[in-house]
Each structure stands twice: as C-alpha cells, then as structure tokens.
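Protein chains in written order, with my numbering: chain A, 1 to 508; chain B, 1 to 313.
The reader is advised that the hints may include incorrect statements.
[Claimed, not checked] Derived DEER-like restraints, expressed as beta-carbon distance ranges:
| # | chain 1 | residue 1 | chain 2 | residue 2 | range |
| --- | --- | --- | --- | --- | --- |
| 1 | A | K486 | B | D118 | 26 to 32 Å |
| 2 | B | A121 | A | R72 | 49 to 55 Å |
| 3 | B | R153 | A | R82 | 28 to 34 Å |
[Unchecked claim] Here are the simulated DSBU-like cross-link-like pairs (lysine-lysine), alpha carbons at most 30 Å apart as the crow flies:
| # | chain 1 | residue 1 | chain 2 | residue 2 |
| --- | --- | --- | --- | --- |
| 4 | A | K419 | A | K430 |
| 5 | A | K453 | A | K486 |
| 6 | B | K245 | B | K275 |
| 7 | B | K275 | B | K179 |
| 8 | A | K73 | B | K179 |
| 9 | B | K117 | A | K452 |
[Unchecked claim] Residues from chain B that keep clear of chain A, each with C-beta distances beyond 12 Å, as calculated:
| # | residue |
| --- | --- |
| 10 | R24 |
| 11 | N92 |
| 12 | E126 |
| 13 | I282 |
Don't read these hints as lab results, they were simulated from the structure. We put the beta carbon where it would ideally sit given N, CA and C, even for glycine.
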Amino acid sequence: MNGKKGFVSFFQYFIYRGNFAVAPQYKSSNLVSMQKTQTVFDEMNGEAGDVRYPYDEYQKWLSGEDPARLRRKSSAAEAFFRRTGITFNVYGREEAAERLIPFDIIPRVISAREWARLERGIEQRVRAINAFLHDIYHRQEIIRAGRIPKELIANNDAFLPQMIGVSPPGNVYTHIVGTDLVRTGEDEFYVLEDNARTPSGVSYMLENRETMLHMFPELFAQVKVRSVSDYPKNLRRSLGECAPPACDGKPVVAVLTPGIHNSAYFEHSFLADQMGAELVEGHDLRVIDGRIAMRTTQGFAPIDVLYRRVDDEYLDPLNFNPESQLGVAGIMDVYRAGGITIANAPGTGIADDKAIYSYIPEIVEFYTGESAILKNVPTWRCAEPEALAYVLDNLEELVVKEVHGSGGYGMLVGPAASKREISAFRSKLKARPGNYIAQPTLALSTVPILTKKGLAPRHVDLRPFVLVSPRSVNITPGGLTRVALKAGSLVVNSSQGGGTKDTWVLEE
Amino acid sequence: MLGKTAGGLFWMFRFLERSENTARMLDAGFRIALTRSSAAENEWASVVAAAGVTDAYTARYDQYIARNVIDFLLRDTNNSSSVWSVIEGARNNARMVRTALTREVWEATNECWITLKDLLAHPISERDLPEVLGTIRQQSALVRGALHGTMLRNDIFDFARLGTFLERADNTARILDVKYYVLLPSASFVGSSLDNVQWESILRSVSAQRAFRWLNPGEINPMSIAEFIILDQRLPRSLSFSYAKIVDNLGYLEADYGLRLDCHEMAAPILQRLKDSSIASIFDEGLHEFITTFIRDNMALGNQIEQDYRFIG
C-alpha cells in the first residue's frame with residue numbers, strides 16, 4: 001500500500017532465517033557424523049540469520065524491489081520460456097508431453113573463494129576419472145593393486161568389453177561432465193554423482209542467465225557475476241581438440257540426438273545451434289570409406305567429432321543393441337580405427353556407476369597421489385551382506401538408489417516415503433541387493449525461492465559443467481542449480497517436479 | 001545442409017501453407033452454405049474434396065454438414081491434413097530443423113502452435129468460425145513475415161520457399177479441379193445468380209476476389225476468372241506465379257550447389273507450358289484435363305526434389 005515501507009516488512013516477515021530444525025520427518029540419527037548438526041544451512045541467510053556475504057550485493061538490490069514487480073517478472077520469465085520453447089518432454093505422460101521446467105528468479109550465489117575450491121576439487125576428480133577409464137580398459141592396474149574389487153568391473157553392465165584396448169583420440173573419455181554437488185554447511189560440499197555419460201542441463205544454465213540478463217539488466221551492473229556465455233564456444237573448441245587421426249583440416253562437429261521426442265531434445269538443438277554444428281539423427285548417418293558421413297543435400301560429408309546424446313546401448317546396432325534405430329551401424333568399428341571421435345567415449349558409464357562411486361576417493365588417490373578435495377557421500381553398497389543388513393534395518397532414514405538409475409526414477413527417499421512404499425522397496429532390495437546403494441539423507445542446503453507468499457527456503461543441488469580436452473580441463477563458472485519446489489522436499493530432479501535457478505559465481 | 005533438414009524445412013512450409021489454404025476454403029464454403037442452404041451439402045462436399053480428404057471424411061461421417069466438416073478440417077487428428085494436424089506437423093518439423101531457423105521464425109511458429117492449440121482445443125461453433133479462420137491465416141502470415149524479415153537468402157530459404165509454392169500450386173489447382181465445371185462455358189446456369197456465388201467463392205478461396213474486381217471492374221465471367229487464377233503472373237496464388245517461384249528457387253539452388261538435377265529438368269517445362277498457354281487454348285484442350293495433368297506433374301516434381309536433395313535416406 002505505502003510503497004517501500006510495506007515492502008520491507010513483506011520480506012522481513014517471510015524471509016527465511018536459517019537455523020531451523022530439520023523438518024520433523026528427519027529423525028535424529030547416529031548414522032553418520034555429518035548429520036550431527038540437524039540444521040539446514042541456508043546459503044542466503046546462513047546459520048546466524050545474517051545475510052551471508054556472497055549475497056550482500058544481491059540483498060541490497062532485493063530490499064529495494066517491489067514484490068509485486070518481482071512476481072510480474074516471474075510470470076514474464078515463464079512466458080519467455082514457453083514462447084522460446086525451452087521445454088523438456090516427460091516420458092509416459094501423454095497429456096503433458098512437453099513441460100516447462102519452473103524457473104525461480106532468485107539467483108543462487110557462490111563466492112569466488114568457494115568456487116575456486118570447487119573448481120580444484122572437480123578438476124582433480126575429472127582427471128582421476130579419465131585416468132581410471134583409461135586404466136580400466138587397458139592394464140587394470142587399479143585392480144591388480146587390489147584397490148577396487150575385480151567383480152565390480154567384471155560383472156558390471158556399464159563396462160564395455162568392446163572398449164578394451166581402445167584409446168580414444170587424445171585419451172579423453174569424458175569430454176563433457178556434469179558433477180552433481182550438494183552442500184550441507186559453510187564448507188561442506190559433497191559430490192553426489194559424477195555424471196560422466198551424457199549430462200544434460202547446460203542449456204538451462206545458459207538460458208537461465210539469458211533470462212536474468214533480459215529481466216534484470218541493472219542487477220548485473222551492480223553485482224559482478226562471472227559470465228557463462230562462452231560455454232558453447234568452449235564446447236566447440238574442446239571437441240575440436242579431440243579430433244580423430246582421420247581428420248584433415250578443420251574438424252567437423254555434429255550433435256547426435258535420438259530425435260524430437262527425446263526429453264532433452266531442446267538442449268540438443270540448442271547446443272548444435274550455438275556451436276554452429278549439424279544436429280543429426282542415426283538415419284542421417286552411415287559409414288562411407290571408413291568414416292562416419294552425414295547425408296547432406298549435396299551428398300555425404302564426413303564428420304570428425306560426434307557429440308552424441310544417445311546412450312551406449314543404442315549407439316551401434318552391429319555392436320550393441322541390434323534393435324536400435326538411434327545409432328549408426330558400424331560406428332564402433334570406425335571408432336576403433338580412428339575414423340571418428342565419440343564424445344563421451346563409449347563405456348564411460350563404468351566411472352559414474354553408483355557402485356563405483358563409493359570407490360572414487362580411492363580412485364582419486366590412486367591416480368593423482370593426492371587425497372580427494374571434494375568429499376563423497378558415505379555409501380552402503382547393498383551387494384555387501386553387512387551393508388545390506390544395515391540398510392534394511394534403517395530404510396526409513398536412508399536414500400536408496402538403483403546402481404544404474406538416473407533422473408530420480410526408481411529411488412527411495414526413506415524419510416519422505418510411506419510405510420507401504422518402504423515395505424514395497426524392501427522386497428525389491430532383498431530380491432536384487434546388488435542393484436542398489438544407500439546413502440544417508442543429507443540435510444541439503446537451501447536457497448530462497450519466490451513464492452506467492454514471499455521468499456521461502458527450498459533445498460538445492462548444483463551441477464557445474466566440465467569440458468575436457470587433451471589440452472585442458474575447463475569448468476564454466478556457474479552451473480545448473482536445481483531446486484525442489486515443495487517445502488521440505490529433497491528431490492530436485494526436473495522429471496520429479498523440481499525447478500532451476502540462475503547460478504552466480506562472483507568475480508574476485 | 002543435411003538432407004533431413006532440407007526436407008524438414010520443405011514440409012514445415014508446405015504444412016503452414018496448407019493450414020492457411022484450408023482456412024480459406026472453409027471460409028469460402030461457409031459463405032455459400034450460409035447464403036444458400038439448399039446448396040450447402042454440395043458445397044461442403046466440394047470443400048472436403050478440394051482439401052483432398054474425401055475418403056477419410058466419408059469413412060468417418062455419412063453426411064456433409066457444417067459441424068462435421070468444420071471439425072474434420074480444423075481439429076480432427078485422424079485427418080492428417082486438418083489444420084491442427086498440419087500445424088503440429090509444421091512445429092515438429094520446425095523443432096527438427098531449429099538450428100536452421102532464426103529465433104524469430106522459430107518463435108513465430110511456436111506461438112502459432114500455442115495459439116492454435118488453445119483455439120482448437122474445443123469444437124468450433126459456426127458463430128466463432130470466421131474469427132477462428134482469421135486467426136489461422138494470421139498466424140501463418142506471422143511465420144511467413146518472420147521468414148522474410150530475418151532469414152538469410154540461402155539454400156535454407158530456398159527449400160522453405162519450394163515447400164510453400166509446391167503446396168500452394170497444388171491447393172489452387174485442387175480448388176479448380178473441384179469447381180472446374182462452374183467455369184465451363186457450357187454450364188447450364190450461365191449468368192444465373194448461382195454462378196455468381198460460385199465464381200465469387202472460387203476467387204475467395206484464393207483470396208483473389210478483390211483483386212479480380214479491381215482488375216476487371218464490372219465484368220465477371222468464368223473464362224477471365226480461370227485465366228486470372230491459372231495464368232496471371234501478378235496473382236500470388238496463381239499457378240503461373242507459383243511456378244515462376246518454384247523455378248526461381250530451384251535455379252538458386254542450382255547456382256548455389258553448381259548442380260543441375262532431374263528436378264530442374266522437370267520444373268522448367270511445367271512453367272513453360274503455363275507461359276505458352278492462353279486461356280482459350282486451355283479451354284480447347286479441356287480445363288479438367290489441363291488441371292489433372294498439372295496436379296500430377298506438380299506432385300511428381302515434389303517427389304523428385306525430395307529425391308534429388310536427399311530428404312530421406
């Protein structure tokens with residue numbers, strides 16, 4: 001009513017002050033030491049209730065904003081996403097085949113210092129993963145050294161025998177990585193997943209920033225935020241640096257998509273567009289003279305680097321799933337002969353397998369000689385009888401995931417699950433224990449979102465995007481912040497109703 | 001450019017053109033049905049025939065009545081040529097070729113889809129029909145405007161234009177095919193008011209009624225209408241105009257790629273035939289035969305382009 005004055009109280013009233021006890025369903029437990037503080041860390045308001053320093057400048061701007069204007073901007077952002085067609089497809093839901101991922105206009109802010117540490121930790125991890133992949137498909141020193149069990153590899157579907165002895169161009173396996181991080185306190189970061197196959201979400205990182213720049217240009221004059229817009233250029237360069245021996249001249253890059261009905265199709269076309277690369281499907285390609293060639297209006301033209309967004313299994317009907325229509329018959333043979341670079345390399349899934357995940361600290365140490373900078377979430381491997389017994393006894397406290405699952409499908413969040421869900425899951429777990437791992441329910445940090453009633457804290461995670469070439473490891477300052485939109489919910493996956501935020505890394 | 005992308009562009013613009021033309025034909029049919037209820041059933045039947053979907057329609061409905069025809073041509077997903085089907089097809093193609101489109105063209109196409117999705121969510125009453133048809137034409141025009149205003153004049157543009165004009169030539173020819181008898185000098189009701197209404201309707205189907213009146217003040221006769229729609233180089237929906245554009249765009253591709261293909265050999269004589277014909281010679285030869293041959297040639301050219309530029313593997 002009375003302009004600014006009313007507005008200030010609006011935010012003071014609704015603003016989340018941190019230090020709240022965890023919602024009641026998080027029973028206190030003595031499972032792991034990290035849960036000793038049963039409080040949720042709010043990244044904006046910290047634990048003491050004062051605005052944390054990375055948010056100082058933003059808070060100054062925010063306190064001068066009219067909440068009604070913010071809400072208008074929020075609807076404008078949604079309209080913008082819809083018009084631009086920034087959508088994702090949901091499998092198995094006819095009526096809502098294309099959905100928007102909700103976008104929240106309150107940014108998630110990371111200080112330069114925090115970022116520097118994350119960057120070092122991610123780079124270390126990614127280098128170790130590449131060394132591991134090379135080793136595991138060659139001499140398997142790490143197994144010989146007894147650091148990881150042989151069965152873990154031998155009996156793993158993600159291990160591709162077709163890759164044994166194959167050295168990809170530049171020895172890069174994971175050209176693109178999206179490391180999932182969560183935070184539980186001021187200095188507590190954990191890697192949740194390494195996503196070394198085909199991580200998605202980078203288009204949202206870029207479009208979220210575009211949207212924020214479009215809606216709040218003045219904000220970016222006030223707060224010095226590092227740019228993310230070079231990502232497509234860096235991706236193009238990084239892929240080009242991995243060109244295969246057969247490439248003569250400027251590397252031709254193409255993006256391989258399963259097609260317009262794939263859940264991440266928008267991203268595939270977006271990246272191809274931004275890189276100036278062709279967006280191809282399996283039926284556009286064939287093997288000609290030992291190269292992969294695409295059918296153009298003027299005949300077939302060879303491709304040097306294929307950024308594929310198709311899973312290993314569907315990549316080559318001759319070498320993998322014979323039913324696949326999404327891949328190219330014979331591409332693996334061309335690949336082995338150095339006729340094409342496939343990014344990410346086939347078989348990288350063995351490194352982000354959830355059972356291997358628990359060994360990453362050993363892997364980092366084995367290949368880099370350093371201890372891991374970023375922590376792993378403690379993990380029970382249900383294949384091990386003792387761990388299984390423990391997990392079965394404590395299901396209501398734990399998060400249980402399928403070893404090969406992704407996207408939040410097929411997982412159990414114990415504290416949020418009903419008795420019936422838990423008992424159903426218990427039978428599944430007993431039937432195939434090797435298919436599952438379990439982790440404690442972390443008190444994920446929160447960042448406020450704008451709701452109808454003002455600001456309210458919601459749990460977040462972070463996926464920075466990493467590019468690996470023979471010359472460098474490049475991490476874009478920022479990433480995709482996913483946010484659970486329901487109060488108290490820990491599931492941030494877009495397929496499960498999560499939203500996204502713009503992620504700011506501050507300049508020094 | 002990928003062959004698939006060329007095909008996607010070609011079909012995207014064929015579909016958009018078809019949506020617009022279906023809307024025009026419905027509009028013309030609706031007017032006749034309104035003013036002459038005794039002729040309504042015939043009129044609706046010829047609208048369905050001109051849209052090329054008679055078999056599908058009769059498989060579904062027994063009678064040609066307004067409600068069914070309107071629903072079938074605008075909304076029915078079983079009719080692959082209904083406005084909703086082709087708009088969905090156009091947008092799917094646009095998504096597929098998104099890297100070849102400017103942001104403006106993509107957004108106009110997406111807006112068109114969003115708007116029509118809402119508009120066509122429920123059956124359209126006769127009361128709302130004119131407004132709905134207006135919106136369909138307008139949405140298609142917005143995409144065309146974005147195309148003209150923002151796209152490079154390169155092979156991408158050429159394939160888009162080829163799709164537009166092949167479809168347009170086909171649609172105009174089909175309207176004539178269904179209504180040719182009205183234009184024959186031997187028609188029994190020459191000079192009657194029924195003819196006037198029918199002639200008007202044909203002109204309206206190709207948005208040419210005002211242009212015709214402006215060029216031929218005070219006189220309206222079947223032969224000059226036929227001449228206008230088939231041969232007039234100034235009328236953007238005439239067969240001559242469409243073919244001049246098709247040959248132009250194929251010529252740009254030939255120059256661009258340095259390749260003369262079978263489609264070039266096929267297109268040139270079709271245009272030449274239109275150029276060499278007078279309306280009198282067409283009537284001598286037989287209007288119906290002329291149009292039937294044209295539709296067949298046009299379809300064959302479409303297939304040849306598809307093959308020559310490797311739209312499919």
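Practice task
Run the structure past the numbered hints and jot down the numbers of the failing ones, going up.
Solution key: Hints 2, 8, 11 not satisfied by this model.
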